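There are 2 protein chains.
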Amino acid sequence: MTSLSTYPFYQLDVFTDKGYLGNPLAVIVALDPALPIPNDEQMQKIANWTNLSETTFLLPPTDPSKADYKVRIYTPVEELPFAGHPTIGTCRTFLEHTQGGVQQAKGKKIVQECGVGLVNLLVAEDGSIAFTAPPLSKTGPVEEEKVLVACKAMGIAREDVIDTQWVINGPHWFALQLKDVTTVLNASRIPNQESKKIKFGVVGLYSPQERQSADAAFCEIRAFPHSVNVDEDPVTGSFNAGVAQWLIGKGVAPAHYVASQGQAMGRRGRVVVHRDDSDLTLEVSKRPIWIGGESVICVRGTIQI
Amino acid sequence: MTSLSTYPFYQLDVFTDKGYLGNPLAVIVALDPALPIPNDEQMQKIANWTNLSETTFLLPPTDPSKADYKVRIYTPVEELPFAGHPTIGTCRTFLEHTQGGVQQAKGKKIVQECGVGLVNLLVAEDGSIAFTAPPLSKTGPVEEEKVLVACKAMGIAREDVIDTQWVINGPHWFALQLKDVTTVLNASRIPNQESKKIKFGVVGLYSPQERQSADAAFCEIRAFPHSVNVDEDPVTGSFNAGVAQWLIGKGVAPAHYVASQGQAMGRRGRVVVHRDDSDLTLEVSKRPIWIGGESVICVRGTIQI
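As you go down the protein sequences, you meet chains F and V in turn. Take the first sequence: its letters are residues 1101 to 1405, numbered as in this note's numbering. Take the second sequence: its letters are residues 1101 to 1405, numbered as in this note's numbering.
In isolation and in its complexed conformation, chain F is listed as follows (with noise of 0.2 angstroms):
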């Protein structure tokens, strides 16, 4: 029998400020020198394990002159290069192990490293981390095909879709402006064999009047990672990240707004959208466009691997 070692482990709640209303992450600690960094196969063992959308492994970074931390991050089925409640979560485990908690850390820079490459974050003052949204490398209009596979998911007609995009920053997602809120919030996140092939998602737009509250989102968003074996998504940063880098660049989208995801879910997730216009030599469609949200830890434990 092989023996086990006990790592530290955490289960937080992302892109929420109230516990169990955001996107679950459960985020194992191995940063320990004196403890075996697990292999491939214990991570994917353990992300199918925990059944949540992600499950990270927060690792010392290649280069520590270059970046904070690394981190590796595993739905049930697969490794992902970039995830952004993953990554806001796991900066967050590493600010609570390592520096004494987001409080100790407002206005802070943190440098991830993980499958894309280096990501930048911040911590804001209210204690919310944000990370830049990453290069899309593939935009443009969606397939036809697929948009009717997404639609035939959903139970929507192809008529209520008023656009369509291709938004891959590390997950293959695709985009779909529904013509307003209520179909958003009445798609059915039943998969089929077909659409268990794509990862996609949807947005549709609060009327101006529905803006008006203080606590108001801008859009409400839903995302179906159905070729990962999830039905659906409760909060999902780099799929904003995506369609915010396409509504802003549209005109659609002002520079700063909050989405509102996971109401479908039962959830209240709250994720914060803003484009850094600070530097006004850079071009507008080059600007920063940073991805926000609360966290909150919920378990804190050990996990024997």
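Since the hints were made in silico from the structure, they are not lab data. Note that the structure is predicted; figures quoted are calculated from it, not measured. Heads up, the beta-carbon is just placed ideally off N, CA and C, and yes, glycines get one too. Be aware that one or more of the hints could be misleading.
Said to hold, decoys possible - Over the 12 angstroms line for every Cβ pair with chain V, so calculated as not near, a few chain F residues: (1) Ser1165; (2) Asp1168; (3) Gly1200; (4) Gln1204; (5) Val1211; (6) Leu1222; (7) Glu1259; (8) Lys1279; (9) Val1281; (10) Pro1354; (11) Asp1376.
Said to hold, decoys possible - Capping the alpha-carbon separation at 25 angstroms, the derived lysine to any residue pairs in SDA-like fashion look like this: (12) Lys1252(F) with Val1242(F); (13) Lys1252(F) with Pro1241(F); (14) Lys1297(V) with Cys1251(F); (15) Lys1252(V) with Ile1298(F); (16) Lys1279(F) with Arg1258(F); (17) Lys1296(V) with Glu1294(F); (18) Lys1296(V) with Pro1241(F); (19) Lys1145(F) with Val1328(V); (20) Lys1296(V) with Asn1286(F).
Based on these hints, arrange chain V on the given structure of chain F.
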């Protein structure tokens, strides 16, 4: 802002002696009288968030002279009156948390209070825990219409099903005996609109040759609780309990056998079935059938509610 309380938290792997090859279960311990017992809404919200097939709350028994503890069992979408792997995992947690672990409890009888009443548990010499299969509230052949929905969801032909049976013992399971193990292992787990209304599983018998090896299983089981938004459950005590009563009852299975489940999901669950023939005055059909398995505690810590 409401203040939070901190409860002991365990995440176990049930029906396996090696971590990450069984069925995960989250257990929240609310035995401490100084802590408020979470309300129904909180319990359901947390079970939705853990995203496991079941999450349980370990509570003080209503009458300590009759039961050792009380458990409430939640899937991501509903409370269950009874379920198998949560029963074994919660009992294991009870022993670990209050009695110094399973090693100290060998040979011990435990009584669990749950939605179906009192359930007897036994701690075996090898540290595994078994419960008596609860009485079936519904048996008999399954309506043809439901069989066809299940066949469609699994992508198998109606002719591949050689027998059908309702096996309701809390959860509304029905069972299909398939012609062989290959058909069981190749069945698809993709739900459809219709299968989202049912909860079903399949069993196939290994050939006498395949049962030769010491470690061999008698049958291969898979369970698809689509009605609770779970595509496939890795290893399922309640379904195995119903199947055991059915197969032993119709003389297809011996009084003692091991069922294998989870292979199609990369797991390696083992469910030990044993009919207690010690009281020969009892009619064969009335003799208790024990469903047992080993379990491993993978995560230990606390949860904030």
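Structure-based check of all given hints:
no. : hint                       : result
1   : Ser1165                    : holds, 33 angstroms
2   : Asp1168                    : holds, 24 angstroms
3   : Gly1200                    : holds, 18 angstroms
4   : Gln1204                    : holds, 20 angstroms
5   : Val1211                    : holds, 29 angstroms
6   : Leu1222                    : holds, 25 angstroms
7   : Glu1259                    : holds, 21 angstroms
8   : Lys1279                    : holds, 23 angstroms
9   : Val1281                    : holds, 22 angstroms
10  : Pro1354                    : holds, 30 angstroms
11  : Asp1376                    : holds, 31 angstroms
12  : Lys1252(F) with Val1242(F) : holds, 15 angstroms
13  : Lys1252(F) with Pro1241(F) : holds, 18 angstroms
14  : Lys1297(V) with Cys1251(F) : holds, 22 angstroms
15  : Lys1252(V) with Ile1298(F) : holds, 21 angstroms
16  : Lys1279(F) with Arg1258(F) : holds, 10 angstroms
17  : Lys1296(V) with Glu1294(F) : holds, 17 angstroms
18  : Lys1296(V) with Pro1241(F) : violated, 33 angstroms
19  : Lys1145(F) with Val1328(V) : holds, 24 angstroms
20  : Lys1296(V) with Asn1286(F) : holds, 17 angstroms
Hint compliance for this structure: hint 18 is the single one not met.
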